[in-house]
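Novice: Residue strings, one per chain:
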Amino acid sequence: MRPLPSPARNPYWRFLVAGVRGQSAYPLATLAGLTANATFGLLKGGIMGAAVDSSGGELAGYSAATMAAFVWLGQGMLGSVNFWGGSDLQNRIRTGDVAVDFLRPVSVQAAHVLTDIGKGLFALLPRGLPSVVIGLLVSHMALPPDATAYALGLVSLLIGIAVSHATVYLVATTGLWLVETRGVSVLYMSLSGFLAGLYTPVYLYPDWLLTLALCTPFPSMMQLPIDVLSGRVTGADAGQHLAVQLGWLAAVLVAGHLATRAGRRRLEVQGG
Amino acid sequence: MAEVRAQLRAYRAVLASRARSQASYRASFRMDLVGALAIGVIEFTEVWVLYTATDQIGGFTLTQVLLVFGLADVAFCLADLVAGHCDRLPVYVRAGTLDVFFLRPQPVLAQLVTSDLSLRRLARSLVGVAALTVGLVLNDIEWGVGAVGLLVLSLVCGFVIFTAQFVTAAGLQFFLINGAEMTNAFVYGGRYAATQPATVWPRALLVVFGTVFPVAFAAFLPVSTLLGVPGVSGLPTWLGWCAPVAALWAVVVAGLCWRRGLRHYRGAGG
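Sequences listed follow chains A and B, in order. Position in the first sequence (from 1) plus 189 gives the number in the numbering used here. Position in the second sequence (from 1) plus 500 gives the number in the numbering used here.
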């Protein structure tokens with residue numbers, strides 16, 4: 190009988206680890222990202238704090254403390270989720286390198302999504318945590334009320350990162366038909382952050398816009414994890430948030446799988 | 501004089517060819533324009549959402565902030581059109597493209613600036629133009645030579661300040677290999693800052709964006725002078741008229757950064 194493979198030899202585990210290691214190779218890039226992140230955080234914190242102040246200390250259910258948590262947790266997540274819509278796969282489809290990916294005896298979808306999730310997870314250490322620390326130093330941001338909230342928050346965060354990269358994978362698969370997908374990426378870039386709650390909480394939007402946002406996977410990438418992590422929702426409500434996120438994760442994964450299967454028949458590698 | 505004109509003709513020919521090359525892939529070009537416009541619209545929507553959720557923020561109402569947003573956005577989009585691709589300097593360094601620039605009998609910065617002309621950035625400025633127009637109509641402005649002068653001054657100085665930020669960033673890139681994102685803090689952070697009332701900034705940011713990278717002079721301070729809305733407490737309301745000083749300072753900083761960066765550059769081994 191063949192011995193059971195150890196997890197360290199599992200190709201999918203190694204894709205995840207490769208993502209983490211690839212990202213840890215550039216410490217200066219990480220410091221640079223953190224500087225930009227912190228500057229935007231201070232600006233965002235300033236305007237959002239002033240908005241809460243001018244509406245009498247409470248805006249769409251946010252206090253100064255929970256708004257600060259919204260700003261800094263969001264800044265902390267920025268390195269881990271993808272709101273610009275570009276990916277390795279997108280380039281590999283355009284250059285034709287993706288043909289090699291299809292020859293490998295592993296799932297193209299799992300390989301790309303897991304590598305990106307690995308990068309996103311690593312970014313939590315040098316970019317996520319410092320952002321939250323800066324937030325704690327410069328503002329009175331709210332923290333999760335108890336251990337359960339921390340645990341649920343971390344799970345929600347993990348699913349959020351996964352939803353983001355699985356959706357960007359789906360965006361990249363449009364290249365199997367279109368080859369050049371810059372326009373699609375630009376469209377994704379303009380909509381994703383806005384509907385995910387990157388700039389202002391989606392609960393500030395007028396009803397129709399809020400409903401529209403909640404009908405997309407984008408809030409599952411940022412707004413919902415922040416809700417759970419900051420203790421804005423707890424208990425059964427937090428469970429409901431996680432269920433919504435898992436639903437979207439399943440939906441974008443299945444869509445990505447179907448698109449890969451249909452698209453690989455359409456793929457024409459340019460050049461020779 | 502004729503010689504200068506002949507030199508300028510060379511740049512004009514280069515820029516015209518860049519413009520034509522983009523418009524020739526029609527579908528892609530159209531999608532690019534729509535995408536750029538969409539980004540502008542979304543950016544404005546964020547401002548609109550925030551200011552409709554409350555009456556005023558930092559002493560500015562939605563109507564008043566339209567002017568700040570419009571002026572800053574138009575100035576930035578024009579600067580982006582002229583110098584935005586200075587952002588690509590790290591790519592040029594890595595690919596060896598920059599080394600080619602050194603071989604030609606033209607200033608490296610001039611070649612970098614004319615190396616691209618992304619027309620889609622014009623589409624994006626439409627949003628700023630619209631916001632500015634509506635702002636000018638809706639606000640209670642005492643029209644006269646002073647008001648018009650202040651607006652023109654603000655647009656020109658804003659354009660110069662933002663262009664200088666791009667060049668400063670490019671100069672710093674020679675030292676920041678792999679840390680390209682660092683300069684986003686004051687280039688794109690500066691753009692974001694310039695569309696807001698400076699009254700909401702923490703002290704540290706006020707120093708950074710009021711003096712070192714003086715984007716507060718691009719829109720907020722002139723608008724606060726124009727409307728007579730009290731700006732940051734402790735500062736005089738006529739400060740908006742000092743935009744040219746800020747622009748001059750930005751240009752000096754950009755010149756120093758670019759020169760030092762260029763001297764520091766030793767080639768990428770290509």
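No lab work stands behind these hints, which were simulated from the structure alone. By construction, the Cβ of each residue, glycine as well, lies at the ideal position given by its N, Cα and C atoms. Treat the hints with caution; some may be incorrect.
Computed from the model, here is a short list of chain B residues facing chain A with C-beta under 10 Å [what the hints assert, rightly or not]:
hint, residue
1, 514
2, 540
3, 549
Which stretches of chain B does chain A cover? Using the computed rule of at least three CB atoms under 8 Å from a CB of chain A, they are [stated by the list, open to error]:
hint, region
4, 550-564
5, 647-656
6, 684-696
Novice: Now tell me if each hint is right for this structure.
Specialist: Hints, one by one, checked against the model:
1. 514: violated, 23 Å
2. 540: Holds: closest Cβ of chain A sits about 9 Å from residue 540 of chain B, inside 10 Å.
3. 549: Hint holds; residue 549 of chain B Cβ to chain A Cβ min 6 Å, cut 10 Å.
4. 550-564: holds (count 8)
5. 647-656: violated (count 0)
6. 684-696: Holds, because 8 residues of the region 684-696 of chain B bring their Cβ atoms closer than 8 Å to Cβ atoms of chain A.
Checked against the numbered hints above, the structure violates hints 1, 5; every other hint is satisfied.
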